[in-house]
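There are 2 protein chains.
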Amino acid sequence: MSVQCAKNTRNIALRLAYDGTNYHGWQEQSNLPTVAQTLRKAIEAVVGSRINLIGCGRTDTGVHAETYVANFQTSSSIPTDRIPYAINTKLPSDISVYEAAEVPLSFHSVFSSTKKEYTYVIYCNRVKNPFYHNRAMFYPKPLDIEIMRRAAAEFLGEHDFRAFRSVGSNVKTTVRTLFSFDVDVEGELVKLRVSANGFLYNMARTLVGTLLYVSEGKITPEDIRGIFESGERMNAGPTVPACGLYMTDVLYNIPVF
Amino acid sequence: MSVQCAKNTRNIALRLAYDGTNYHGWQEQSNLPTVAQTLRKAIEAVVGSRINLIGCGRTDTGVHAETYVANFQTSSSIPTDRIPYAINTKLPSDISVYEAAEVPLSFHSVFSSTKKEYTYVIYCNRVKNPFYHNRAMFYPKPLDIEIMRRAAAEFLGEHDFRAFRSVGSNVKTTVRTLFSFDVDVEGELVKLRVSANGFLYNMARTLVGTLLYVSEGKITPEDIRGIFESGERMNAGPTVPACGLYMTDVLYNIPVF
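Protein sequence lines correspond, in order, to chains A and B.
Here the first sequence stands for residues 1 to 257, numbered as in the working numbering.
Here the second sequence stands for residues 1001 to 1257, numbered as in the working numbering.
These are calculated hints, taken from the structure and not from any lab test.
Glycine is no exception: its CB is placed at the ideal position from the N, C-alpha and C atoms.
Don't take each hint at face value.
[As the list claims (entries may be wrong)] Computed cross-link-like contacts, DSS-like style, restricted to lysine-lysine with a CA-CA straight-line distance of at most 27 Å:
| no. | chain 1 | residue 1 | chain 2 | residue 2 |
| --- | --- | --- | --- | --- |
| 1 | B | 1141 | B | 1191 |
| 2 | A | 141 | A | 218 |
| 3 | A | 191 | A | 141 |
| 4 | A | 191 | A | 115 |
| 5 | A | 41 | A | 90 |
| 6 | A | 90 | B | 1141 |
| 7 | B | 1090 | A | 141 |
| 8 | A | 191 | B | 1041 |
| 9 | B | 1090 | B | 1041 |
[Unchecked claim] From the derived model, a few chain A residues whose C-beta atoms are all more than 10 Å from chain B:
| no. | residue |
| --- | --- |
| 10 | 10 |
| 11 | 17 |
| 12 | 52 |
| 13 | 129 |
| 14 | 167 |
| 15 | 227 |
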């Protein structure tokens, strides 16, 4: 007999967005405001007990999310469709829960993910725009979009990305598979959208910095193969500022939302 | 003989943008941060002497400008095309000067203007979006765009707008001419773009509030003629929040930019 009651443990996945400007990244840290800590406290106020909140990735200080997925287990009987509204009443205006879904107990925001997408936004104009402060990288020179697209194609497929990450987190392997890397122009905004089965620490920002190096003529698209082979971080482009980076999609091995 | 020299007085017009969130409006006030005061001090640091800064309108606390025009007279010899860059180095990131132009000494940012445009941005969705906090009005119910467009058309042309303003500034006449009032849908954003030969205090926000009343069925488009005739502020819709309002264009009796 299977009866849904208050004592049953449910696994709840949340789809949320946040402006990361005022947070020291996603992951909880003692004495520093983080998105995870702020969201966890809001959820605990709603469900009435301590929870363990699992986020789909450790975004850095100042990085944003248009789409982020987190999950937690609870025995609260609150109807799933009421959860976003209940949590949002406890959240500041720079974090918002869009949707909640009950998922199998085996679902894990990191380990169940099959694909993540980040979008890097560059405001490309002679002078700064106040509305993109903290929301985009300011770049005051024209960009060579065509050569950036040729360089982006060099990253597609399975590679050892150890030359394109910052050291600072333990991972079993530095091999990742890039599914897409698109360079789109929308007026004065240039959006670099990259999807992969996973990202190493600072990898998305290093890939973007390397495309900027290509646009600036410091390296050619043909040099990228050699940077992969060297495995040397110093051969790749710089890590671009956090404020331009947005997590924009996460896909899972089951339909969640 | 006409020689341009340092002692010659020039009249300089600036095209700028600002995020009004952190300012008590445009107009200078003692002991409160305003856009005019912040910009004036930046200009004075560049030209090396006191100036009188004239802005094209008194935007309220929290109101933004994508396009705003101000002018000042100076005997500084700084080349006009260097002025935006020089001023921007002295400005915080929420104000940015895009362009400078030398205009006739008779040019006045308010009195020479022939047309102004405001755009009101509504974020229309079930839950809030962190990226539109302080940048749009949050409206959690569907809007009836077609009836709002019918109502907007009732405002076009020359009318006495005294029912659609807040009392609080001295004006010779409350008659204004509306040139356009468009309701556009861009995804989850509804943009109400209104242009006129001038706006009374809170007039743009009251016109938007009245369109929301129409969408909510509280009044009909046909009622608007009667509200004009009554001249009574209480018959119109509410003054919507400042954060959704943007000055988006100003035109003059001469080409400036």
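*Can you name, in rising order, the numbers of the hints this structure does not satisfy?*
Numbers 8, 11 and 13 - these are the hints that the structure violates, sorted from lowest upward.
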